[in-house]
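2 protein chains.
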Amino acid sequence: MKRRSFLSGSTAGLAAGLALPALVPWGLAPVALAQSDALPSWNDGPVKQSILDFVSRTTTNGNRDWVPVPERIACFDNDGTLWTEQPMYFQVMFAFDRVKAMVGQHPEWRTREPFRSILADDRAALAALGEKGLLEAMAATHAGVTTEEFRMAVLDWLATARHPRFNRPYTDLVYQPMLELLALLRANQFKTFIVSGGGIEFMRPWTERIYGIPPEQVVGSSGVTKFVVRPDGVPVLTKEPKVAFVDDGPGKPVGINQFIGRRPVFAFGNSDGDQQMLEWTAAGNGVRFMGLVRHTDAVREYAYDRESPVGRLDKAWDEAVRRKWTVVDMKNDWKVIYPFELK
Amino acid sequence: MKRRSFLSGSTAGLAAGLALPALVPWGLAPVALAQSDALPSWNDGPVKQSILDFVSRTTTNGNRDWVPVPERIACFDNDGTLWTEQPMYFQVMFAFDRVKAMVGQHPEWRTREPFRSILADDRAALAALGEKGLLEAMAATHAGVTTEEFRMAVLDWLATARHPRFNRPYTDLVYQPMLELLALLRANQFKTFIVSGGGIEFMRPWTERIYGIPPEQVVGSSGVTKFVVRPDGVPVLTKEPKVAFVDDGPGKPVGINQFIGRRPVFAFGNSDGDQQMLEWTAAGNGVRFMGLVRHTDAVREYAYDRESPVGRLDKAWDEAVRRKWTVVDMKNDWKVIYPFELK
Chain A
18 MKRRSFLSGS TAGLAAGLAL PALVPWGLAP VALAQSDALP SWNDGPVKQS
68 ILDFVSRTTT NGNRDWVPVP ERIACFDNDG TLWTEQPMYF QVMFAFDRVK
118 AMVGQHPEWR TREPFRSILA DDRAALAALG EKGLLEAMAA THAGVTTEEF
168 RMAVLDWLAT ARHPRFNRPY TDLVYQPMLE LLALLRANQF KTFIVSGGGI
218 EFMRPWTERI YGIPPEQVVG SSGVTKFVVR PDGVPVLTKE PKVAFVDDGP
268 GKPVGINQFI GRRPVFAFGN SDGDQQMLEW TAAGNGVRFM GLVRHTDAVR
318 EYAYDRESPV GRLDKAWDEA VRRKWTVVDM KNDWKVIYPF ELK
Chain B
18 MKRRSFLSGS TAGLAAGLAL PALVPWGLAP VALAQSDALP SWNDGPVKQS
68 ILDFVSRTTT NGNRDWVPVP ERIACFDNDG TLWTEQPMYF QVMFAFDRVK
118 AMVGQHPEWR TREPFRSILA DDRAALAALG EKGLLEAMAA THAGVTTEEF
168 RMAVLDWLAT ARHPRFNRPY TDLVYQPMLE LLALLRANQF KTFIVSGGGI
218 EFMRPWTERI YGIPPEQVVG SSGVTKFVVR PDGVPVLTKE PKVAFVDDGP
268 GKPVGINQFI GRRPVFAFGN SDGDQQMLEW TAAGNGVRFM GLVRHTDAVR
318 EYAYDRESPV GRLDKAWDEA VRRKWTVVDM KNDWKVIYPF ELK
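The listed protein sequences correspond, in order, to chains A and B.
Residues in the first sequence are numbered from 18 upward in steps of one, following this note's numbering.
Residues in the second sequence are numbered from 18 upward in steps of one, following this note's numbering.
Among these hints, one or two may not hold up.
Intra- or inter-copy, both count: the list cannot distinguish identical chains.
Computed cross-link-like contacts, EDC-like style, restricted to lysine to aspartate or glutamate with a CA-CA straight-line distance of at most 20 Å [claimed, not checked]: (1) K352 / D189; (2) K208 / E225; (3) K360 / D70; (4) K208 / E88; (5) K243 / D289; (6) K149 / D331; (7) K360 / D54; (8) K208 / D70; (9) K341 / E153.
If you're looking for bench data, these hints aren't it; they were derived computationally from the structure.
Throw the hints in and build the complete structure from the sequences for me.
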């Protein structure tokens, strides 16, 4: 994936301030103007401006909203916020592919639900099995291996699997505007975190390469792991079929507190599962940024909101409108959706 | 606390290499020589040399043991490794002081164990109550408040409480040689983490100021927290009297995997509770550093090992000797124990 370089906030602000001393109010607009190229895939308008204003205000020395560098914590949901989450969460696609890959060692799956329906690509039967079926498939495909074996399985899948609609690797389906936003924040000394309902061990093998977010800045759901010394003396961590932590909804502020230990000043999500993370962010002192992505582009990506079984955006949307949080309209605010459109 | 500045590994190595081209084997000794001042509170000898050699080998470009910057993960136990842990873990001292501070709201504690013995400073009775009594006291003093209230309680205590033997704030009792080691590692682009059996919310309020380790790099034990929106609409996290995760013994590799998601290349502990963290570190590929602090100085600090109820060092010591890990003899290897000795 192509990355761009960005001017750091302070340098850019200084340069612009020298060039346009009479045109701009001190301490706010210079950085915003100078950094307008930092988000080239965002259309101009109030959404883009709200981001640039926030970055400018919090990083300009002397501004009353200036935030000390150690407190510049920015949290992003992953599914539907940094990459696509349709037709199903990609981790579920991975689990289904893994059922197919593992059925040789588990012949009993051919006649047992939910595996039978997964193997038959029988979406209707699967839907009827509901969340319980899904959880059983997740446990069966995510446990019983070491953390290192699981990591390799994730990387193998990403290297070979293709998205059913776009016929591309799943990691091609990250949002170019969000890559630019992550880079802009980091150029301004924000520490960028993922705070996802998805599995922590499903994300960490690739988030550094794709998003520039290292494993230690990935917060997510997790299963129990166990330290075991093998007979040959080598210690391993085995993944047990038991949930340790669900980092979704009210679990997101809990996860942020547990893993990061600081309240974010910036948070971006796209669904009701992000509502409490945004509320927790908003409740801090001083200026804060709360953002939501609305999926409004059925042509270039997908369009869904209040009724969607995956990534439903209902209550969080109402709250965002009421509290004047930033709401991205993907179709109108994003010039480009995916990095491959730039090539 | 006074901090010093250190030369970064690469610059120092270059300078020393230019000055002493014929005297030193390329790529190893130059940095070690140039950085000998980076650990002024460590006596010269094999222990100090093992640290300098490790830093030199892993950070010198072209050395076959060179470690990429993102993988420079260093993990330190806290109690007994970075600060003193006698006569009891300082978090237990905090819990006991908190029982005394809270008894006004809990008059029933005057006659109920373990509170009665804590209020009476009856150590023998407390010892007889064992770990169960201790856990009850911890739960009663660490739950029922918001995370923010708990944070303030910790900071208040640190500002006022004094260690019974040294009559100083507990945060004065950090080890000067370890502060130097933390700074040396960071100057060489290692990311320093705490991985402690102690409570994560007990450590985070002060580790950044005292050790330079930010909250998001503190791994520890934790209780369950709950996201609650108060009647006034303000969201808080409340601390529940339930253990979420015990980051000790085999829990340490689990915690490292859960919070950091990378295997450390450097780990330092002082007790059997650190054994699995050291084993997990040692089992990675390439060069690794495993260190243990032995408390051998009854005059300047404390002397204890195999029989100590707090910070017992028994099996981990045997393993360290067998596998030639670095074992610090506090009395002989450390010129200075505490920063206040320098003043």
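Consistency of the hints with the structure:
Taking CA atoms no more than 20 Å apart as the test, K352 paired with D189 passes inside one copy only; the shortest distance there is 17 Å, against 56 Å between copies. In this assembly of identical chains, K208 and E225 lie within 20 Å of each other by CA distance both inside one copy and across copies; the values are 13 Å within and 16 Å between. For the homomeric pair K360 and D70, neither the shortest alpha-carbon distance inside one copy (30 Å) nor that between copies (47 Å) is at most 20 Å. For the homomeric pair K208 and E88, the shortest alpha-carbon distances inside one copy (9 Å) and between copies (18 Å) are both at most 20 Å.
Taking the shortest Cα distances, K243 and D289 sit within 20 Å of each other only across copies (18 Å), while inside one copy they are farther apart (32 Å). For the homomeric pair K149 and D331, neither the shortest alpha-carbon distance inside one copy (23 Å) nor that between copies (46 Å) is at most 20 Å. In this homomeric assembly, K360 and D54 come within 20 Å of each other (Cα to Cα) only inside a single copy, at 18 Å, whereas the closest approach across copies is 52 Å. Proximity of K208 to D70 under the C-alpha cut-off of 20 Å is restricted to the intra-copy arrangement: shortest distance 18 Å within a copy versus 32 Å between copies.
In the homo-oligomer, the alpha carbons of K341 and E153 never lie at most 20 Å apart, since the shortest distance is 40 Å inside one protomer and 45 Å across protomers.
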